[in-house]
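Whatever position you read off the sequence shown (first residue = 1), add 484 for my numbering.
Calculated directly from the structure, the hints in this document are not laboratory data. The structure displayed is predicted, hence computed values, not measured ones. Ideal Cβ placement from N, Cα and C applies to all residues, glycine included. Some hints could be false.
Claimed, not checked - Dumping the calculated SDA-like pairs for lysine to any residue here, alpha-carbon to alpha-carbon at most 20 Å:
#1 LYS678 with ILE784
#2 LYS872 with MET887
#3 LYS793 with ASP822
#4 LYS663 with HIS690
#5 LYS537 with LYS620
#6 LYS703 with LYS722
#7 LYS508 with PHE555
#8 LYS548 with GLN876
#9 LYS811 with LYS828
#10 LYS708 with LYS793
Said to hold, decoys possible - If you anchor each label on the Cβ, the simulated ranges turn out as follows:
#11 ASN540 with LEU875: 52 to 62 Å
#12 LYS790 with GLU881: 17 to 27 Å
#13 ARG541 with PRO517: 17 to 27 Å
#14 ARG592 with GLU881: 48 to 58 Å
#15 ARG563 with THR618: 35 to 45 Å
#16 ARG758 with LYS619: 17 to 27 Å
#17 ARG758 with GLY633: 20 to 30 Å
#18 ASN865 with ASP577: 23 to 33 Å
#19 ILE515 with LYS537: 46 to 56 Å
#20 LEU781 with GLY513: 22 to 32 Å
#21 GLU744 with CYS622: 53 to 63 Å
#22 HIS727 with THR618: 38 to 48 Å
#23 GLU748 with ARG541: 40 to 50 Å
#24 VAL747 with GLU820: 18 to 28 Å
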Amino acid sequence: MIKSHIKRMFSYFSRIYYLGEEVKRLKDGRIKPQVETSTIAFIVLFAFICGLKSFNRLERWLEKGRFKNLFHKRVRLPRIDTIRRSLSSFDIDSLNEMHEHIVKRVFRNKVFRKGTIDGLKVAAIDGVEVFESTKKSCERCLTRVDKQGVTHYYHKAVVCATVGSDPHIVLGYEMLEPKKDCCDKDEGELSGSKRLIRKLYKQFHHFADVIVADALYCKATWIKEVLAIGMDAVVRVKDERLHIVKDALGLYRNRKADREWEVEEGSRKRIVVRAWDEDGFEMAGMEEIKVRFIRFLEEIYEGDNKELKEIWVVTTSKNIRVETVWKIIHKRWDIENDVFRQIKTQYHFDHCYVHSEVGTEAVVGFMIIAFNLSQLYFFRNIRGFREKRMLQIDIIEDIRDEMLLIEGWVNPIFGTT
């Protein structure tokens, strides 16, 4: 039985990820601050781990002294306005360096030494909208106009995260840029994703064996970017007008499936999968590189119901087993179900905490770090977390209760720096 999640969690963060040293390195643009940046950063980070809903709630926590037992008595704690000023002038580079340090420790500790899907390290890439408003805006806002002619201001990020097995770690993110110079369009998801994978390769080198993406990424330019960094792409295809789709379906039309297998999902769901697999197809824009086109036909039996589903996939890999490709294209949804949904529900990713050119990205950065640290604690420090069917929300509630009860204890996050 775990007596104190706070003690165990902070000890783990300090011992394995040197979080105290990293928090001390964070900086903001305030001049002669009365409250240390490290104090503000720790409060914001821990508040997101605890499921902060809004800065109004954080102000209430500060007034009630929820954080006082986590610091030395002589440490001055901030007011909510001080936190907002700090985030609005935060040094994003120092925050990115903290994120990079944690991910490098993840790789160094061989968290993914067995891969995430059938021995392969698989990462998914996708875009996610941070929040939108029809009233609040800043210079970094993207814009769109609805059918009623109302302008919506929003921020969007492209995210790369591991998929397939626990823990799901966000390897990196890139905020999309608004209109620049003479361009009349905001930056697209594809452009941001290319910049992101180049940055990740520079930081971590071979950060994945396979990058999986949805049909938006079925473009020759994007697949070439993946090949350029020595990785394979697995991409969903939906546009039946593409020549590669017409060629492949024509070839498979009167041919028996190359592979057939059955998957059991629980006691009531059964999937019969048939696959047509052929290499040597050409894609427009990359005629010099041949790709593999796989057609999956699924018969889904659930109770007395039967459903047919067809999936088309393009991949640059010649060697990955067709069964593994099928797993990869299905596990791509982990970035939606286990990353985006959790960040939105647990950390309220779509809530506008601070709307400023720097503050928005600072909040996103703290949320991503809080998510990664939480996942590492749940799945790397608590033995049998998934097998025992423990709930993350239950542990978070225990931690919130312990904030008021814990006394006479030196926080290792600051005690080791």
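Fill in: Given hint MET887 paired with LYS872 - CA-CA distance at most 20 Å
violated (25 Å)
Practice prompt. Measure nothing beyond the straight line between the CA atoms of LYS663 and HIS690; if it is 20 Å or shorter, mark the hint as holding.
Written response: Distance of about 32 Å is beyond 20 Å: violated.
Fill in: Pair hint LYS793 and ASP822, alpha-carbon separation not exceeding 20 Å
Violated. LYS793 to ASP822 sits at ~23 Å, over the 20 Å cutoff.
Worksheet item: So does ARG758 sit 20 to 30 Å from GLY633, Cβ to Cβ?
Response: violated (49 Å)
Practice prompt. Could you check the hint for me, namely that LYS790 and GLU881 are 17 to 27 Å apart, CB to CB?
Written response: violated (42 Å)
Item to complete: Indicate whether the distance between the beta carbons of ASN865 and ASP577 respects the range 23 to 33 Å.
Response: holds (29 Å)
Worksheet item: Do the beta carbons of GLU744 and CYS622 sit within 53 to 63 Å of each other?
Response: holds (54 Å)
Discussion item. Holds or violated: the 46 to 56 Å window for the beta-carbon distance between ILE515 and LYS537?
Written reply: 31 Å Cβ-Cβ, so the 46 to 56 Å window is violated.
Fill in: Distance restraint evaluation - LEU781, GLY513, Cβ atoms, bounds 22 to 32 Å
Cβ of LEU781 to Cβ of GLY513: about 57 Å, so the range 22 to 32 Å is violated.
Worksheet entry | Straight-line alpha-carbon gap LYS708 to LYS793, limit 20 Å | Measuring from Cα to Cα gives roughly 29 Å; hence the hint is violated.
Practice prompt. Could you see if the CB distance from ARG541 to PRO517 stays within 17 to 27 Å?
Written response: holds (24 Å)
Worksheet entry | Outcome for the supplied range 35 to 45 Å, where the beta carbon pair is ARG563 and THR618 | Check failed, 30 Å falls outside 35 to 45 Å.
Hints 1, 2, 3, 4, 8, 9, 10, 11, 12, 14, 15, 16, 17, 19 and 20, counting from the list given before, are not met by this structure.
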